[in-house]
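Chain by chain, the residues:
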Amino acid sequence: MMAPSARRAVLLLRGLAGRHGGCGAALGQRCVSAEAAQAPLPRPLAPRTSLTSPVEHTAEQRGLWYTLQPGVVQRLFSQGGVPKQFLTQCQTFAETCLMVRQPSLTLMDFIRRSDLSLPPNKFLLYGRNGCGKTLSLVHATHFLADTDWLLVHVPWAPKWRRNFKEVAPSATIEGQYDHPLDAVLWLQHFKTQNAELLKTLQLVTQERYIWSRREVTEPDTPLGELVELGIGRARYSTDCVLALTSELKRHATEGRCKVAVVVDGINTFYSPVSRYRCEDRTLLDPKYFTLFQSFMQLFKSDWKNGIVVGSIDSLANEGWRRDSHLPRYLLRQQGWEALDPFIPIPIEDYDDLEMRSAIDYYLDRHWLQNPQAGSDIGRRELAALSAHNPYLLMQVCRPL
Amino acid sequence: MASVIGQFLRRSSTLVRISCTVQARVASGLPHIQQYSSSSSSSTEEESMTSPEGGARMSKSMLAYQQRAEAHDKFMADQIAEYEIGRRHLANIMGEDPETFTQEDIDAAIQYLLPSGLFELTARPAMKHPSDVFIKKKAAEFDISGRPFHTFFYTGYPAYYQALHDLGKTMISLDQFANRMAHLKVENESQAFNCGGSEWVSKAELSNKFLEELHDKHYIFFIQSMNRLIEHPYSSRAQDFIMRFRKVVITTQNKEEIPKLMYTAEGIPYMTGSGKRKHTEATVTVYGRGSGKIEINGQDMRFFKVIQDREQVVFPLQFTNLLGKVDLVANVTGAGLSSSAGAIRLATALALRSFVDEHMREKMRLAGLLSKDFRVKERKKPGQKGARAKFTWKKR
Numbered sequence: 001m002m003a004p005s006a007r008r009a010v011l012l013l014r015g016l017a018g019r020h021g022g023c024g025a026a027l028g029q030r031c032v033s034a035e036a037a038q039a040p041l042p043r044p045l046a047p048r049t050s051l052t053s054p055v056e057h058t059a060e061q062r063g064l065w066y067t068l069q070p071g072v073v074q075r076l077f078s079q080g081g082v083p084k085q086f087l088t089q090c091q092t093f094a095e096t097c098l099m100v101r102q103p104s105l106t107l108m109d110f111i112r113r114s115d116l117s118l119p120p121n122k123f124l125l126y127g128r129n130g131c132g133k134t135l136s137l138v139h140a141t142h143f144l145a146d147t148d149w150l151l152v153h154v155p156w157a158p159k160w161r162r163n164f165k166e167v168a169p170s171a172t173i174e175g176q177y178d179h180p181l182d183a184v185l186w187l188q189h190f191k192t193q194n195a196e197l198l199k200t201l202q203l204v205t206q207e208r209y210i211w212s213r214r215e216v217t218e219p220d221t222p223l224g225e226l227v228e229l230g231i232g233r234a235r236y237s238t239d240c241v242l243a244l245t246s247e248l249k250r251h252a253t254e255g256r257c258k259v260a261v262v263v264d265g266i267n268t269f270y271s272p273v274s275r276y277r278c279e280d281r282t283l284l285d286p287k288y289f290t291l292f293q294s295f296m297q298l299f300k301s302d303w304k305n306g307i308v309v310g311s312i313d314s315l316a317n318e319g320w321r322r323d324s325h326l327p328r329y330l331l332r333q334q335g336w337e338a339l340d341p342f343i344p345i346p347i348e349d350y351d352d353l354e355m356r357s358a359i360d361y362y363l364d365r366h367w368l369q370n371p372q373a374g375s376d377i378g379r380r381e382l383a384a385l386s387a388h389n390p391y392l393l394m395q396v397c398r399p400l
Numbered sequence: 001m002a003s004v005i006g007q008f009l010r011r012s013s014t015l016v017r018i019s020c021t022v023q024a025r026v027a028s029g030l031p032h033i034q035q036y037s038s039s040s041s042s043s044t045e046e047e048s049m050t051s052p053e054g055g056a057r058m059s060k061s062m063l064a065y066q067q068r069a070e071a072h073d074k075f076m077a078d079q080i081a082e083y084e085i086g087r088r089h090l091a092n093i094m095g096e097d098p099e100t101f102t103q104e105d106i107d108a109a110i111q112y113l114l115p116s117g118l119f120e121l122t123a124r125p126a127m128k129h130p131s132d133v134f135i136k137k138k139a140a141e142f143d144i145s146g147r148p149f150h151t152f153f154y155t156g157y158p159a160y161y162q163a164l165h166d167l168g169k170t171m172i173s174l175d176q177f178a179n180r181m182a183h184l185k186v187e188n189e190s191q192a193f194n195c196g197g198s199e200w201v202s203k204a205e206l207s208n209k210f211l212e213e214l215h216d217k218h219y220i221f222f223i224q225s226m227n228r229l230i231e232h233p234y235s236s237r238a239q240d241f242i243m244r245f246r247k248v249v250i251t252t253q254n255k256e257e258i259p260k261l262m263y264t265a266e267g268i269p270y271m272t273g274s275g276k277r278k279h280t281e282a283t284v285t286v287y288g289r290g291s292g293k294i295e296i297n298g299q300d301m302r303f304f305k306v307i308q309d310r311e312q313v314v315f316p317l318q319f320t321n322l323l324g325k326v327d328l329v330a331n332v333t334g335a336g337l338s339s340s341a342g343a344i345r346l347a348t349a350l351a352l353r354s355f356v357d358e359h360m361r362e363k364m365r366l367a368g369l370l371s372k373d374f375r376v377k378e379r380k381k382p383g384q385k386g387a388r389a390k391f392t393w394k395k396r
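The listed protein sequences correspond, in order, to chains P and D. Each step along the first sequence adds one to the number in our numbering, with nothing skipped, and position 314 is 314. Each step along the second sequence adds one to the number in our numbering, with nothing skipped, and position 3 is 3.
Keep in mind that the hints were calculated from the coordinates and are not lab data. A hint or two may mislead.
Stated by the list, open to error - Pulled a few chain P residues facing chain D out of the computed Cβ check, cut under 10 Å:
| no. | residue |
| --- | --- |
| 1 | I210 |
| 2 | D376 |
| 3 | E381 |
As the list claims (entries may be wrong) - Simulated restraints on C-beta separations:
| no. | chain 1 | residue 1 | chain 2 | residue 2 | range |
| --- | --- | --- | --- | --- | --- |
| 4 | P | R328 | D | R379 | 48 to 54 Å |
| 5 | P | H366 | D | H359 | 36 to 42 Å |
| 6 | D | H359 | P | Q395 | 33 to 39 Å |
| 7 | P | Q369 | D | S198 | 51 to 57 Å |
| 8 | D | L366 | P | I377 | 18 to 24 Å |
| 9 | P | E166 | D | N321 | 56 to 62 Å |
| 10 | P | R328 | D | L366 | 52 to 58 Å |
| 11 | D | N321 | P | Q395 | 55 to 61 Å |
| 12 | D | R379 | P | E95 | 54 to 60 Å |
| 13 | P | Q395 | D | L366 | 30 to 36 Å |
The C-beta atom is built at its ideal place from N, Cα and C for all residues, glycine as well.
Looking at chain P on its own, in the form it has when it is part of the complex (with noise of 0.2 Å):
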């Protein structure tokens, strides 16, 4: 049995080597020696897995790219949760492909081994701009969603904080604010994340809701009936998402569920500001949000068979709060004492092993025309050119 190391090196080198023996005709380029050294580089084909479902990836995939289903985005990522201009590149590549990485294997380590009879375990990602917080956040909720964990998936929380649709002040509870639409949407992302699990858990209201003098919830209402009101009435659906993340918590603390929420940008929820103005002219603080609360009840320590997986991201706050990267300063004291004790996974920039698997990617899908592209001294000076930082090489390549 080989050593996980050797054996990450044979999967590249065959990569390499190519899977038709190693003969540069079978990659459709010439094999004329004369003009070897005119002659492009091979070009290396980019060291994937064939394992397509997280739960089977393990350190040996480190560094491999593997094949997301387009079925398993559009049904777990319809709403967002994947970063646009990556959307973007993928749609250009006719693939979605996403690299296995450390911190990513380490997630998933600690949620196969959480205790799920004790409180939550706070799982928060944290890292320097562009070095892959969402992407990983996105492996880890494939990871989940193959699981049969019930997802509650904020895609990009300041999306509500600062990008709403519509505010409205509350009907039912006096001084908070409404996001009808938002929620709407959010509960049909919903849906569509969680629509086999609903099916086969059957859960169930175990409250009244009364929305109006002629619409009740009773309870023992299948919670999919639930979702589906606030998705027809605009007007309730905050309450909605309000009553079904309580529901959801209530259930999952009684054992029938496993419930796990993903939220990127979860220091959005302790910001001070947001961009709706109250009548007297004040920016609202958006504690006042029912929607912001819903999951903020989550990440108390009150509950059980759940899991709470966030990414803690300086561009989620405000803009002249943005000078570091680490958690206690974006998260500010409020966030820091809601959210304590969480485990903190750092995301770094990549490391050689990483840096040659990305090159060798964009190199398989013939993003890099340059000949010298996939050289010594090319890689080289892209790593120096990007600063080692994935963002940062997506951006250097895209003219290459």
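Use these hints to put chain D onto chain P, whose structure you have.
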């Protein structure tokens, strides 16, 4: 004998040249072209022989001429005496030995005592020898009787044509030598004059040498003739004559000392370099045996947001193929990201000189990596909108 002939000449209005007079004059020891100071001694001799008639007309102008010459001589002598006194005073002021106070020392002393920021260097205070300051004039070209000293006086360019005649004579003698060598069947290796290390004087310099204002055609003909002389196989025998009209050019370039690599306590080689661009200064330390880390003011390459600036920083490493093999630590001060990048690039290149061999250093120099970019923002001029832009031109 001389006096009789002199009287004869003075009476006749035409200036007639008789060979005996030339011989007589040579016998009397009168030099042909001489300084003003020495000519005065002969002129007093002649003056005493002027007769009041026909000679009086000529002698008045001659007298005036002589007086002018004497006055100039006296003036120059006074100036030189003053200069010498001044030089000794200056040496005393500076605390130097007056005996060994050279012109370079004088220049340095004046620059120290009277510092000037004027852009026009010739307008700055200076103390030069009077012979460098005052225009040289030709010595007496004809004697008191009006007879010119030089044979070629009436060509208008006596010194020039004398040089050409000397050239001709030299050519003839070299040909004779060559014939003798050929006759004796002596096979010498080429004794042609070596042109390396020297070049022809310019037209202005030649004019100064002859104290005659030459035309371009004179100069061109002269140089062409001299070139023919140089082409002669035995022209090195006429080296002294040729070198009168050539100036030595220093061809050896100053070999800049490349500093040697320094070593840290752990034995890692490193070198520092500093560079400037516009008003930004950068100090870069390049560590050998590295892994390609780049640090700028404590941050990594993300210090530069624009890809162009990053490429500038990376270029010297790429060029020398040391990218990924050395570490870079840069400190940059001053505003401006693009100029910071340029300053870091220069500093890195200068530091990398110690890591590479001679061949690569030459390639770096040719690539322009080692040259400071001296472009600075141009001054705005009054009456214009900017440095070059003019205000809107209105036809009426």
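Evaluation of the provided hints:
Given the 10 Å rule on beta carbons, the hint for I210 (chain P) is violated: about 54 Å separates it from the nearest Cβ of chain D. At about 9 Å, the closest approach between the beta carbon of D376 (chain P) and any beta carbon in chain D falls short of 10 Å, and the interface hint on this residue holds. Evaluation of the E381 (chain P) hint against chain D yields a held restraint, the C-beta minimum of about 6 Å falling below 10 Å. Evaluation of the 48 to 54 Å hint for R328 (chain P) and R379 (chain D) yields a pass: the beta carbon distance comes to about 51 Å.
The hinted window of 36 to 42 Å between H366 (chain P) and H359 (chain D) holds, with their beta carbons roughly 37 Å apart. Remark: the range hint 33 to 39 Å for H359 (chain D) to Q395 (chain P) is upheld by a beta-carbon distance near 36 Å. Restraint check, Q369 (chain P) to S198 (chain D): a C-beta distance of roughly 56 Å satisfies the suggested window 51 to 57 Å. In this structure, L366 (chain D) and I377 (chain P) meet the distance hint of 18 to 24 Å, their C-beta atoms being roughly 20 Å apart.
About 59 Å separates the C-beta atoms of E166 (chain P) and N321 (chain D), a value consistent with the hinted range of 56 to 62 Å. Range check, R328 (chain P) to L366 (chain D): Cβ separation about 53 Å, and the 52 to 58 Å hint holds. Between N321 (chain D) and Q395 (chain P) the beta carbons are some 25 Å apart, a value that contradicts the proposed interval 55 to 61 Å. The hint said 54 to 60 Å for the Cβ distance between R379 (chain D) and E95 (chain P), and at roughly 58 Å that hint holds.
The beta-carbon spacing between Q395 (chain P) and L366 (chain D), approximately 32 Å, falls within the hinted interval of 30 to 36 Å.
Of the numbered hints stated above, those contradicted by the structure are hints 1 and 11, listed in ascending order.
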